[in-house]
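Spelled out, the chains give:
Number of protein chains: 2
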Amino acid sequence: MTKPLPVGATIGILGGGQLGRMLSVAASRLGLKTHIFEPEANAPAGDVAHKVTTADYEDAVALRAFGQSVDVITYEFENIPTSALDLLESLAPIHPGRAALATSQDRLTEKTFLRDLGLQTAPFADVTDMDSLNAAIAEIGTPAILKTRRMGYDGKGQARIMAPDDAAQAPADMQGAPAILEGFVDFSHEVSVIGARGADGAVACYDPGENVHEAGILRTTTVPARMTAAQRTDAVLIAARILNALDYVGVMGVELFVTPGGLIVNEFAPRVHNSGHWTQNGCTICQFEQHIRAVAGWPLGDGSRHSDVVMENLIGEDMDRLPDLAKTDAAIHLYGKAEAKPGRKMGHVNRVVKA
Amino acid sequence: MTKPLPVGATIGILGGGQLGRMLSVAASRLGLKTHIFEPEANAPAGDVAHKVTTADYEDAVALRAFGQSVDVITYEFENIPTSALDLLESLAPIHPGRAALATSQDRLTEKTFLRDLGLQTAPFADVTDMDSLNAAIAEIGTPAILKTRRMGYDGKGQARIMAPDDAAQAPADMQGAPAILEGFVDFSHEVSVIGARGADGAVACYDPGENVHEAGILRTTTVPARMTAAQRTDAVLIAARILNALDYVGVMGVELFVTPGGLIVNEFAPRVHNSGHWTQNGCTICQFEQHIRAVAGWPLGDGSRHSDVVMENLIGEDMDRLPDLAKTDAAIHLYGKAEAKPGRKMGHVNRVVKA
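Residue numbers (this note's numbering), protein chains in the order written: chain A, 36 to 390; chain B, 36 to 390.
Next up, chain A with everything else stripped away, as it sits in the complex (with noise of 0.2 Å):
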């Protein structure tokens, strides 16, 4: 285990949008001091930062400079170029570790660690080509839906097979992209786990939260979840065991699907999740604060559920209902970006259920 890293050391972050925003406020209540590294302008996570670096991440000049001069690297995203990391790695500890961003950057990596976990996933095959791709149909059945192995979300790089007569088609949607198979889950809802592992391999998990999507965008988390008692041990146990495979410090958010027959894992996240969100206001450490702990060495905090909540997120003109939520008992987060385009995630409400 690493030595815990002492107040007034600084945590680099990869990344200066609302998850590096919360990130950064969590490390000021530990007396850390953040730099975040984020090539657009006016990044939400600048105006609670100690420093902000405006650069793109194939500047070597700019990530050197951020490099040397913080004690660790996070990052709010996992869609972090190669290149960057290659680079960073030699200058400062990047939490969470390599494994686990090279395994979540592609689902084929991803559900075949999984799979070789000993977890449940939905039905997967590698699809290379026009043969690969209907050998894949011929073991998985229709309707299944084919991704680009890396990138693409809320929808994009992926195409839907309702029969195997649309495969012919699916290969342009590609691009030429690799790709992968996957089979439709019969599932009830989707949970997701808020998992954490510190330095010293100790591993805590928030309460599930229960999540719904409107057009493949996180709605609202409600927790706790609708699950029975095994099911959350499930959940939590799922969760552990990844941590523990990958060697992981920080915060990861595991998306599972509750079917008849157990937990299926959709997909996990190698940061603070927004299915996470409603621990701000739900426990006494937030899951911004336990992966700061995390990443810094130190231990973890307690991620006990005080109060059950209800997160909403708020999407682009959601924002003209403020007004009106300020009235109410919902605490507020807002990420401080300009321009509430649709689509885009612009704060969240956390309503706290009394008793």
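Everything labelled a hint here was simulated from the structure, so no lab data went into it. Misleading hints may appear alongside valid ones.
If chains are identical, the list can't say which one is meant, so a pair holds when it fits in one copy or spans any two.
[Unchecked claim] Capping the alpha-carbon separation at 30 Å, the derived lysine-lysine pairs in DSS-like fashion look like this:
no.: 1; residue 1: Lys-380; residue 2: Lys-362
no.: 2; residue 1: Lys-376; residue 2: Lys-362
no.: 3; residue 1: Lys-362; residue 2: Lys-86
no.: 4; residue 1: Lys-376; residue 2: Lys-86
no.: 5; residue 1: Lys-38; residue 2: Lys-362
no.: 6; residue 1: Lys-380; residue 2: Lys-86
no.: 7; residue 1: Lys-376; residue 2: Lys-389
Given the coordinates of chain A, assemble chain B onto it according to the supplied hints.
Just chain B now, kept in the frame of chain A:
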């Protein structure tokens, strides 16, 4: 009522210590930026602020630039030079207003104001010279305490008069400054109420906390305080009377002595208060956000208590206990101060008491 500040607006904060730091974090949750004005370099609030101006309160150019860059001005300490306020008030609204500042800056004005409101205070009398001191002692009796009307803290600028014979030396201790003689109050314990008043005149008070001091510095605040239901109601009514009389906008800390004859007002501070730090882990909306909401013209938030809390200040060498504290389930709040000098407030911990 003024219009609520829009998201993206800037709150100017006079003073960059821990209170400014926690106000700045609270502002970020509401999508508001902060600009800190602080004479000392490396201000704790600077780590989490959009902008920091490091300049003296006599620097009219810096003050003017600051005042022109912000939408509203608030402060984290009450002894702001009058000349700075005179300059700033022409540039942006100042909340809480100058009536509260003028009243709380002068012990005689404060006590007179409280008495005129019909509230109980310690017996007091104006002291300008030896004759008025002797008259005050004859009226109030001994033991009593002579204090300068302005400034002074932690026992500085004070002289105890245990018997009438002590009077001869006392004015010398005051170095000729205008003073006030205060009689002793026989109280069982001290409590404080953190009250808030919005721009719309709405008043909300947090549950009273019970304070323990050591060497003149707050050591712990425990919530709930030992009080009867009637005393709790009285405490809230007292705070509301003060807030309304001053047409106050913002959060105020009111210190009260609990006595068999009722609650006696010790003093009030026109700002967020150390004895309100427990609200960070006991309420959905903490005192810092409540203050920001008020000065930004937003509706007050939900200050009801979801948990019992014991707040303990970390003073000077208390920081040596940090590694052990980090292993407990306490919520840690550090101020980012470089050096742990004796008597210096370095942070605090909130211990949530579980049912």
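Hints violated by the structure (numbers, ascending): The structure conflicts with hint 7 only, although it agrees with all the remaining ones.
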